[in-house]
Amino acid sequence: MVLATTENTTASPARAGDFGPAVALSCRECGARYDLGPSFACIECFGPLEIAYEFGRVTRAQIAEGPTNIWRYRALLPVPADVTTKPNMAPGWTKLVKADNLARELGIRSLHIKDDSGNPTHSFKDRVVAIAVEAARNFGFHTLSCSSTGNLAGAVTAAAARAGLDACVFIPANLEEAKIVMASVYGGKLVGIEGTYDDVNRFCSELIGDELGDRWGFVNVNLRPYYAEGSKTLAYEIAEQLGWRIPDQVIVPVASGSQLTKIDKGFKELIALGLVEDRPYKIFAAQAEGCSPVSAAYKAGHDVIRPVKPDTIAKSLAIGNPADGPYVLDIARRTGGAVEDVTDAEIVEAIRLLARTEGIFAETAGGVTVGVLRKLVASGVLDPEAETVVLNTGDGLKTLDAVAGQARPTAVIRPSLDAFRTAIA
Amino acid sequence: MSVSVRIPTILRTYTGGAAEVNAEGATLRDVLQKLDADFPGIGARILDETGKIRRFVNVYVGDEDVRFADNLDTATPAGAQISIIPAVAGG
Numbered sequence: 001m002v003l004a005t006t007e008n009t010t011a012s013p014a015r016a017g018d019f020g021p022a023v024a025l026s027c028r029e030c031g032a033r034y035d036l037g038p039s040f041a042c043i044e045c046f047g048p049l050e051i052a053y054e055f056g057r058v059t060r061a062q063i064a065e066g067p068t069n070i071w072r073y074r075a076l077l078p079v080p081a082d083v084t085t086k087p088n089m090a091p092g093w094t095k096l097v098k099a100d101n102l103a104r105e106l107g108i109r110s111l112h113i114k115d116d117s118g119n120p121t122h123s124f125k126d127r128v129v130a131i132a133v134e135a136a137r138n139f140g141f142h143t144l145s146c147s148s149t150g151n152l153a154g155a156v157t158a159a160a161a162r163a164g165l166d167a168c169v170f171i172p173a174n175l176e177e178a179k180i181v182m183a184s185v186y187g188g189k190l191v192g193i194e195g196t197y198d199d200v201n202r203f204c205s206e207l208i209g210d211e212l213g214d215r216w217g218f219v220n221v222n223l224r225p226y227y228a229e230g231s232k233t234l235a236y237e238i239a240e241q242l243g244w245r246i247p248d249q250v251i252v253p254v255a256s257g258s259q260l261t262k263i264d265k266g267f268k269e270l271i272a273l274g275l276v277e278d279r280p281y282k283i284f285a286a287q288a289e290g291c292s293p294v295s296a297a298y299k300a301g302h303d304v305i306r307p308v309k310p311d312t313i314a315k316s317l318a319i320g321n322p323a324d325g326p327y328v329l330d331i332a333r334r335t336g337g338a339v340e341d342v343t344d345a346e347i348v349e350a351i352r353l354l355a356r357t358e359g360i361f362a363e364t365a366g367g368v369t370v371g372v373l374r375k376l377v378a379s380g381v382l383d384p385e386a387e388t389v390v391l392n393t394g395d396g397l398k399t400l401d402a403v404a405g406q407a408r409p410t411a412v413i414r415p416s417l418d419a420f421r422t423a424i425a
Numbered sequence: 001m002s003v004s005v006r007i008p009t010i011l012r013t014y015t016g017g018a019a020e021v022n023a024e025g026a027t028l029r030d031v032l033q034k035l036d037a038d039f040p041g042i043g044a045r046i047l048d049e050t051g052k053i054r055r056f057v058n059v060y061v062g063d064e065d066v067r068f069a070d071n072l073d074t075a076t077p078a079g080a081q082i083s084i085i086p087a088v089a090g091g
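Chains A and B, in that order, are what the protein sequence lines are.
Numbered as in UniProt numbering, the first sequence ends at 425 without a single skipped number.
Numbered as in UniProt numbering, the second sequence ends at 91 without a single skipped number.
Just so you know, the hints here were simulated from the structure itself, not pulled from any lab data.
Among the hints, erroneous ones may be present.
Computed beta-carbon distance windows for the label pairs [what the hints assert, rightly or not]:
#	chain 1	residue 1	chain 2	residue 2	range
1	B	T13	A	V185	37 to 45 Å
2	B	P40	A	R33	21 to 29 Å
3	B	A26	A	G405	45 to 53 Å
4	A	A407	B	G79	22 to 30 Å
5	A	P280	B	E49	32 to 40 Å
6	B	G62	A	A407	39 to 47 Å
EDC-like mimics (lysine to aspartate or glutamate), calculated; alpha carbons at most 20 Å apart, straight line [claimed, not checked]:
#	chain 1	residue 1	chain 2	residue 2
7	B	K52	A	E44
8	A	K309	B	D63
9	B	K52	A	E29
10	A	K86	A	D18
11	A	K309	B	D30
Reference excerpt, derived from the structure (chain A facing chain B, CB under 7 Å, subset only) [stated by the list, open to error]:
#	residue
12	A41
13	F46
14	G47
15	N201
16	R202
17	P307
18	V308
19	A323
20	P384
Quick reminder that beta carbons are idealized off the backbone N, C-alpha and C, glycines included.
Given only the sequences and the hints, what does the whole structure look like? Please build it.
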């Protein structure tokens, strides 16, 4: 096995701590293997590194005995068995809402919303950050950091506060006010960068090679292989909450594409371990039209993603150069799914539709998945008879501006019955 | 045209640990050729077998991703800073 070059000049040696069933880092492109370390790109081909495992025997009963958070799946994650004894945000085990009202409105037989707005900082990012915190501890990093479109920044500063680590996070300066507040209220440093998310990402990648970023754990850069594994827990929970069954169809929002690839990995692991029946499933990817490089490549039949400059209200999905985009194409095509996009107006309509039918207020990314669901049903691409799960990855309170202009009081009246009678006439 | 090239950590074994090196060339293609002449093997890490920039590498001339410009034919004016950066995941 090759010893990976560490991304931080004085980082702790590879395999500094206990990574549970994880045994190596493996390149998704060329298959080169490396010792576990704070590395994210293959020395041979720049391909993304991901965790390789040697799983022991894992049973449904063993999982069911675990806590009602992501650590019930710790035997499938790169974390030590005693992870539950350390301070952390304990995210996960969010509701899988049976969405009969929305299903009826759209003409679908069976629909669930996996609602990750119920996580501690109200987005799915708490899942990935929780795994990254363990890796940061293992490598002896003192500062937790990230490049972020907002949700991740809040998850990182909160998790660092709970774990007793310093935090310094980087965001595009023009983010939604609620996300700026959430990222700063937990303490640490919040730095707004003048530019897009891709500019922030580039800056963080350069910082990691500089002494300024020494001994820093950037959750989505040098800790990415560990961090990304947190998204597998969405797949595990969906299957377990359906009674240990993988649904026929899943709709996942795409920013970098990492979450979608890990949901696919999670399903495949459950099948390989014999925890669910081995049956086909389709994964559909959802983007906003104003930042839809993966959807454009899918529709054009291309394997290469051409980066774009984002312009959409779905800022949490506004990544113009998605690192895992090629894998999203592969998975959508392999499973028989598709990649679709919706306009900003359709996103807002979908947010209101989900709120009106199911009492779930989604952030703009949730509007993207529900909007794509509606579009795919209308176009006949999505089978309305098949069991479908749609992800809502965050809370609508974080992106109030998207709907604020359209969600207003029905009427403003004097406190009199006559005035009310007139108002509702 | 003399330009500076920022080297990512995973390629610094080729540059003797240097984080930034100088190179010459009127276009990115020329600069990468010169870089490979000075630090043999580094070119094949950045370009694939067909001579294109590998799909998980982002190259910037100044602040511009060369995929938005002319890829390997992007002009590299004197004093330009070139950055070679592995693709990273979202946030």
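query: Going through the earlier hints one by one, which of them does the structure break, listed in rising order?
result: 4, 11, 18, 20
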